[in-house]
Every structure is written in C-alpha cells, then in structure tokens.
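J.: Chains as they are written, first to last, in my numbering: chain S, 1 to 45; chain W, 1 to 743.
No lab work stands behind these hints: they were computed from the structure.
Each hint should be verified, as a subset may be incorrect.
Claimed, not checked - Sample of chain W residues lacking proximity to chain S, with all beta carbon distances greater than 10 Å (derived):
1. Phe21
2. Tyr42
3. Gln123
4. Leu155
5. Gly158
6. Ile197
7. Asp374
8. His555
9. Ala580
10. Arg585
11. Ala597
12. Asp620
13. Ala630
What the hints assert, rightly or not - Distance windows between CB atoms, simulated:
14. W:Gly73 to S:Thr17: 26 to 34 Å
15. S:Gln30 to W:Thr199: 46 to 54 Å
16. W:Lys379 to S:Leu10: 58 to 66 Å
17. S:Gln30 to W:Trp716: 24 to 32 Å
18. S:Leu5 to W:Val406: 45 to 53 Å
19. W:Gly104 to S:Leu5: 43 to 51 Å
20. S:Leu5 to W:Thr199: 18 to 26 Å
21. S:Thr17 to W:Tyr42: 47 to 55 Å
22. S:Leu10 to W:Gly73: 53 to 61 Å
23. W:Pro421 to S:Leu10: 52 to 60 Å
A virtual CB, placed ideally from N, CA and C, is assigned to each residue, including glycine.
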Amino acid sequence: MNGILLLIPLSVALGATFAFLFLRAAREGQFDELDEEGRKILGDE
Amino acid sequence: MSARIATRCPHCGTAVEEPGFCCAGCEMAAAIIRGAGLERYYVERTAPAPRPAYTASAGPAWSEAPVETLPDGNCEVRLHVGGLTCAACAWVTERVVLAVPGVGEATVSPATGRARVVWDPTQTDLDAICGRVAAIGYRPRALAAAAAPDRELLLRVGVAAFCAMNVMLLSAGLYAGWFDGIAPREAALLRWTALAISTPSALWCAEPLLRGAWGALRQRTLSVDLPVALGVVAMYAHGVVATIRGEEAWLDSMTMLVALLLGGRLLEQGGRRRAVEAAQALAGIAPAVARRVTATGIERVPAARLSPGDRLLVGLGEQVAADGVVVSGAARVRMALLTGESEPIALTPGDRVVAGAVAEDGSVEVRVTAAGEDTLVAKMAAELARAADRPVAPVLADRMAPAFTVATLVLAGVGLAVQGPSVALAVLVVACPCALALAAPLTTAVGLGAAARRGLLVRGGDALRRLAEVDLVAFDKTGTLTAGEPVVVAADDAVLRVAAALARHSAHPVSRALVTAASARGIPLADAHEVHEVPGEGLTGIVDGQPVRLARGAHGVAVVGMGEIRLRDALRPDAARIVAALQARGLRVALLSGDSAPVVARIAGEARVDEFVAHARPEDKVAWIVARRAEGRRVLFVGDGVNDGPALAAADVGAAMGEGAASSVLVADAVLVGEGLAPVLAGLRVAVSAHGAMRAGVGRALAYNVLAVAVALAGWMNPLAAAVAMPISSAVAIWGARRVEAA
Numbered sequence: 001m002n003g004i005l006l007l008i009p010l011s012v013a014l015g016a017t018f019a020f021l022f023l024r025a026a027r028e029g030q031f032d033e034l035d036e037e038g039r040k041i042l043g044d045e
Numbered sequence: 001m002s003a004r005i006a007t008r009c010p011h012c013g014t015a016v017e018e019p020g021f022c023c024a025g026c027e028m029a030a031a032i033i034r035g036a037g038l039e040r041y042y043v044e045r046t047a048p049a050p051r052p053a054y055t056a057s058a059g060p061a062w063s064e065a066p067v068e069t070l071p072d073g074n075c076e077v078r079l080h081v082g083g084l085t086c087a088a089c090a091w092v093t094e095r096v097v098l099a100v101p102g103v104g105e106a107t108v109s110p111a112t113g114r115a116r117v118v119w120d121p122t123q124t125d126l127d128a129i130c131g132r133v134a135a136i137g138y139r140p141r142a143l144a145a146a147a148a149p150d151r152e153l154l155l156r157v158g159v160a161a162f163c164a165m166n167v168m169l170l171s172a173g174l175y176a177g178w179f180d181g182i183a184p185r186e187a188a189l190l191r192w193t194a195l196a197i198s199t200p201s202a203l204w205c206a207e208p209l210l211r212g213a214w215g216a217l218r219q220r221t222l223s224v225d226l227p228v229a230l231g232v233v234a235m236y237a238h239g240v241v242a243t244i245r246g247e248e249a250w251l252d253s254m255t256m257l258v259a260l261l262l263g264g265r266l267l268e269q270g271g272r273r274r275a276v277e278a279a280q281a282l283a284g285i286a287p288a289v290a291r292r293v294t295a296t297g298i299e300r301v302p303a304a305r306l307s308p309g310d311r312l313l314v315g316l317g318e319q320v321a322a323d324g325v326v327v328s329g330a331a332r333v334r335m336a337l338l339t340g341e342s343e344p345i346a347l348t349p350g351d352r353v354v355a356g357a358v359a360e361d362g363s364v365e366v367r368v369t370a371a372g373e374d375t376l377v378a379k380m381a382a383e384l385a386r387a388a389d390r391p392v393a394p395v396l397a398d399r400m401a402p403a404f405t406v407a408t409l410v411l412a413g414v415g416l417a418v419q420g421p422s423v424a425l426a427v428l429v430v431a432c433p434c435a436l437a438l439a440a441p442l443t444t445a446v447g448l449g450a451a452a453r454r455g456l457l458v459r460g461g462d463a464l465r466r467l468a469e470v471d472l473v474a475f476d477k478t479g480t481l482t483a484g485e486p487v488v489v490a491a492d493d494a495v496l497r498v499a500a501a502l503a504r505h506s507a508h509p510v511s512r513a514l515v516t517a518a519s520a521r522g523i524p525l526a527d528a529h530e531v532h533e534v535p536g537e538g539l540t541g542i543v544d545g546q547p548v549r550l551a552r553g554a555h556g557v558a559v560v561g562m563g564e565i566r567l568r569d570a571l572r573p574d575a576a577r578i579v580a581a582l583q584a585r586g587l588r589v590a591l592l593s594g595d596s597a598p599v600v601a602r603i604a605g606e607a608r609v610d611e612f613v614a615h616a617r618p619e620d621k622v623a624w625i626v627a628r629r630a631e632g633r634r635v636l637f638v639g640d641g642v643n644d645g646p647a648l649a650a651a652d653v654g655a656a657m658g659e660g661a662a663s664s665v666l667v668a669d670a671v672l673v674g675e676g677l678a679p680v681l682a683g684l685r686v687a688v689s690a691h692g693a694m695r696a697g698v699g700r701a702l703a704y705n706v707l708a709v710a711v712a713l714a715g716w717m718n719p720l721a722a723a724v725a726m727p728i729s730s731a732v733a734i735w736g737a738r739r740v741e742a743a
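Chain S on its own, in the form it takes in the complex (with noise of 0.2 Å):
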C-alpha cells in the first residue's frame, strides 16, 4: 500500500523526464532530418 504511493508518483516523474528530452531534443531539430544523417557516415572514409 505504501509501496505503491511512493512508486506510481516516481513512474511519473521518471517518464515525464523522458518526456521533457524528448520535447528538448525535437526542438532542437533532432527529428528534423531521419534519412540525411544514416547517408552521410557512408559517404565518408
């Protein structure tokens, strides 16, 4: 029972962690280009 207090609370804050890198780093244009960067290592020696 009080397990489950302590745990449910720090699950959330856990994925809202996630969440917020998630929210920061497709701002920042991470996501912006999925198929331009896999190409690019190949062209390099």
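Position chain W relative to chain S; hints supplied.
T.: For chain W alone, kept in the frame of chain S given last:
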C-alpha cells in the same frame, strides 16, 4: 597537323578547343576544390559540375536569409543550395564551406538541397561563405519556408503518446481492481494520477483537432473532425466528473484516441512536405543576381529588384534572371527544366526567353517582360506549393461525416430523454469515430508512401483513389515508352569511326549515341581537329587529314561523301514487360504518338500494345482521351513533354516522367521518378490495394460504431468493454493500412 586538339573542360565537361578550362569560373572552382584537398570529388561525382556564373561574387539572394545568433555568439543560417545533382556535389559543397576559416559546422542534404551553416561572426561572414559556394557553381539562396509547423505536430504526437501510454498503464491497474477488488484509496490515487496525465493530452495535444472542428463549424460544414472533437470533449468532461465522483473515467480511451489521430496527421504531413520541397527546388533554378544595362554602364542587381523594361546582359554560362525578349546578340540556351528539351535552343533578336535558361554559348541582351514573382518559373513554383499544401482529403470519411454527426447527436438526445445523462454521455463517447477518422488518412498516407518508395510520387489521396479505378493506360511515345535518346541501329565501321571522332566533341544526344556505339564495337577513336558545331546542321572538322562533315541524313546522320548511319529511338528495356504486366491485370494499353504511322506501328508492335494512334497532335490526344472517358473508361495518361500538358490534365490520372518538362510535372497527378516504367505498374498495384484497404477499414469502423452505439443506448455499455473495444477498433484500422505496404 593542327595543334588545336579539342577536349573537354575538366570541371564542367563542356567541349573546349584547347586542353584546359572552358572559362575563368571553372578554373577558379577547380582551384578552390583542389586547394581544399577535395580532388576526390572528380572521381566520385556522377554528373558534371555546373558552370559557375561570373556574377557569383556578390549575391543578395542569401543576404535575406535569417541569421540566428546562437547563445555562444556563433551565427547559424539555413539555406537552399541549388544545382546539386549528386551526393558528391553535396559533399564538396559541405567541405568547401567547412574550409572557410571560422566556419564551425556545415551540413548539406543532397536529397533536398537544404543546408545549415554555423560560423564565428568575428572571423567570417555570410557573404564570404555563400560567395565560396557560388564560386564552385552552386546557388545558395535564402530558405523561405520555416520547418517550424512540422515540429509542432511532432511535439504534440510525442506528448500525446506519452500521456496515452501512462494513462493506459494506470487504467490497467483499475481494470484489474474491477475484477479482484481494490482499496478505495489506491483506486483514487490511480484515477487522479490518470486525470492529471490526460489533461495535457486533452487541452494541448488535441488542440489541432478541436481547432479543425471549430473551423469547419464556422464555415457551416460538418467535417469528420467534428464528431471526433465532440468525442474528445465529451470523454474528457466525463473523465473529470467521474474522477471526482469515484467512477470509471475512460480516460485511457481518450488519450489513445488523441495520440492515434495526431499520429495519422503526422504521417500525412510527411508526404506533403516532399512536394513543397520540390517546389522550392524549382524556385531555386532562377538566378539571384542579374547584370543590368544602364545609361552609365552595367550594374549588378538582385533579380528580385528587376522590373519590366529593364535590359539585362546574359553571357556564356550565365542564367537568365527574368522572363523577357531578346533585343540583340545571339546565343544558344538550354531550358531543360522548363521545356523538357535537353537540346540547346538558338536565340535571335525577337525570341522569348524565360528565367532559369542557361546560356551555353554566345551572349544576348534581354528586355525584361516579367521579373521576380511574375516569372513563369516563380508562378510554377507557387502553383506547385499551393497544390502540395492542399490536405490529403479523407474523401470517404468526410462524405459520411455530416450524416454521422447528425445521427450521433440524435441518438445521444434519445439516450438523454429515455435513459438519462449517463447513457447520453456513453453514446457520445463510444460513437466517437476514431477508427473511421483513422482509416482513410492512414491508408492514404501508407499508400502514398508505398507508391513513392516504388518510384511514383502521387499528388494526394484523391489522385490515389482515381489511380485505383484506372482501366486504360495510354502512353506517349517519345521519352515514355521509348527512352527519347537515339541509338545506332546500322552503320559501317569505317563511317562510324570518322563520325564518332567528330561526335566526341559535341554534347548532342546523337553525338553521344555515335560515341557509345563506336566504343561498344571496340572502334578506336580517330583524332579530329578544328571541330566546329553548327547548331541544327551538324559538325565539321578534319579527320585523318581530310575535311569531313557530319550532317542530318534521311534515317539518321551522314558523313558527307562516305555513308550513312541509321539511328532510331529505341524502346525502353522494360517497356514490353510492363505493358504485358498491365494487360495481365486486365488493363487496356494504348500508344498515342505524334510520329508517322510506320514508326509508331513498329514501336507499338515491339511493345505489344492493344492499340495505337499515329500523327496525334496534342489536341488529338486530348480528344482521344475525352472520347474514351465518355465510353466509361478510366484513363491513365503517361507523358513527358510540354505539349503533353493538356492530355495529362484531360485524363482521369496524368502521370509525368520525372525527367520531363517541369510544366508537365506541374499539371500531373503523379510523377515517375527514376529510370524506366516500373513505377507505373507498382503505383497502380499500391493504389488498388490502398483503395481496397480503405473501403474495408471504413466498413469495419462503421460496423464497430453502430454496434457500440446500440449497446450504449441500451444502457449495457460497461467501462471495460468500451476500454477494450475502442483501441481494438483503432488497432484493426492500423493493421488494415499496414497491408498496403506489402502490395
């Protein structure tokens, strides 16, 4: 022997008379590339480099680019680089920019031409960076459209998915408690947490859906967004009330619904972005700077500041910056992207010229008739962007939306009157057409994506639907069933040897065919001197010490006094196979050509088409298509040139060859990219499959809604059934769309 040995410019591949560069621009470009240690470019490239324009040094085309100052004091800019033809082009551009002192980061996408540069403003500036790019022949310009709206939707999808999964997890606990018993305190904790997490989903993520419904309502139309928005609002309101009262809240269904619908929109948007980028690339073909003739001399001005009546000077290797009329001089220009004609056209005073044309030789003075936004190329780009901006229409679902909405509201009203508010709410919630709203855009998006991966870019959901119903395919001949490039079919080796020696110095398609044939037969090429090309007439030069002339013959070309070489337009290697496969699918295949009857009959025989029409002028093709449509046939017309535009527009679906004229690409519903005709077959297959999947998906979704509403109206809807049924109906819609990919 003469010392004038003709050869090719090592940078741009233009034929030149003496070994070395064709112009100072190419020499400088090569020096920059070698200076940066990038010689590998010449090995890796698959197409010759563009010839740098002399006017490259100052360019207002990029001065309008919004420069962003980063927190660390560096500057960042996003540009579009025109003229990139292969991966090596993007590579060399990127490296040349990186070699500028002070540049920290540079990325150039070969597929889209988008570039991003970060530099230290104390060491260099945008002019220096873009000047460097222009000096090697590529055309940097400000990127008008921001990528911001894309990201906005991505953010909403991400947050909605996060909310949906967490609420689902909490709800699983509540459903388990429904069977096994749960302490009221724990149940309350789970419920309130679920409400807290679903709030951003309903209030922020769902905003585009609510806005869409509101917008449609204000225009007095009933779109499929309306019942969806109604469902979301009803579910959330019910969730809040139920959480306070300690009842089942169904918030997992709501968050899942929002996440799925937004996900479907994100897929749609991806397909549309491609077309917008194509429009930007087209806008990039007109140059940014022009040389204007004034009373005092010649000045450089931004193309955007030209106005009708101005006089421009266009020299070797330069692009015409505005539409106009030639007033003096003579030149040959290439307008391949606009007319699909790869052969340069000779211009004399009085001729019209369009922005974007490249002067291959000579120099002309042009009086501007239209500049900036009014040029043909700018209008075409704007038209293309507008066409691409139209949303993918979920036709079937939208047609049903009004009836659906009215029925839902009436039934909810009946529920309210007969059974009370909780049943009315249950009807609104389970009637929410999640699967219905998903089925059409999802199958359309998957279908468009699958067709694109197979080489057929289809303009939208509506075109895909019409493509699915096609039962007659009409091909244009030149450039469609045939490659549009001549091949040598009969020639004497000695004649071919002399002809190829001259042809080596010309870029004309016939010349290329002669050289290819000679090397295929293993004939060593003779030396040719003093080679001159007379446009429209042929080549002259000295081979083996004898003056020779290569001219047009009856069936090809002739070396005057020696003999003739027969050339003809050959069938594409895969043409017969594709025609047979189309016929095997039960489609009729026809060939419409402007050529003479014997030529068309031969091609028709080789390709084994069902019928053919020779001597067809553009208006004849249109008449033929209109007549077939009047008979009830659904016609797909595949063509390429400018004169195919009316036929492309007249057909149910017009498909243009990607290497054809931009004007035909513009009116077409679909564009074939890459080599050959295989995309026609694959695209048809995908369209039929997507259409079937959509009908099936809409049918299943409707059946689900009718059943669910009936159950809710009877007052039997229990929360577990609703929670399970709704995601399952959505999952079935997604699964149905997945099948299209395998078509």
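J.: State for each hint whether it applies.
T.: Hints, one by one, checked against the model:
no., hint, result
1, Phe21, "holds, 27 Å"
2, Tyr42, "holds, 15 Å"
3, Gln123, "holds, 24 Å"
4, Leu155, "violated, 5 Å"
5, Gly158, "violated, 5 Å"
6, Ile197, "violated, 7 Å"
7, Asp374, "holds, 32 Å"
8, His555, "holds, 46 Å"
9, Ala580, "holds, 34 Å"
10, Arg585, "holds, 32 Å"
11, Ala597, "holds, 48 Å"
12, Asp620, "holds, 43 Å"
13, Ala630, "holds, 45 Å"
14, W:Gly73 to S:Thr17: 26 to 34 Å, "holds, 30 Å"
15, S:Gln30 to W:Thr199: 46 to 54 Å, "violated, 27 Å"
16, W:Lys379 to S:Leu10: 58 to 66 Å, "holds, 59 Å"
17, S:Gln30 to W:Trp716: 24 to 32 Å, "violated, 48 Å"
18, S:Leu5 to W:Val406: 45 to 53 Å, "holds, 48 Å"
19, W:Gly104 to S:Leu5: 43 to 51 Å, "holds, 50 Å"
20, S:Leu5 to W:Thr199: 18 to 26 Å, "holds, 21 Å"
21, S:Thr17 to W:Tyr42: 47 to 55 Å, "holds, 50 Å"
22, S:Leu10 to W:Gly73: 53 to 61 Å, "violated, 40 Å"
23, W:Pro421 to S:Leu10: 52 to 60 Å, "violated, 38 Å"
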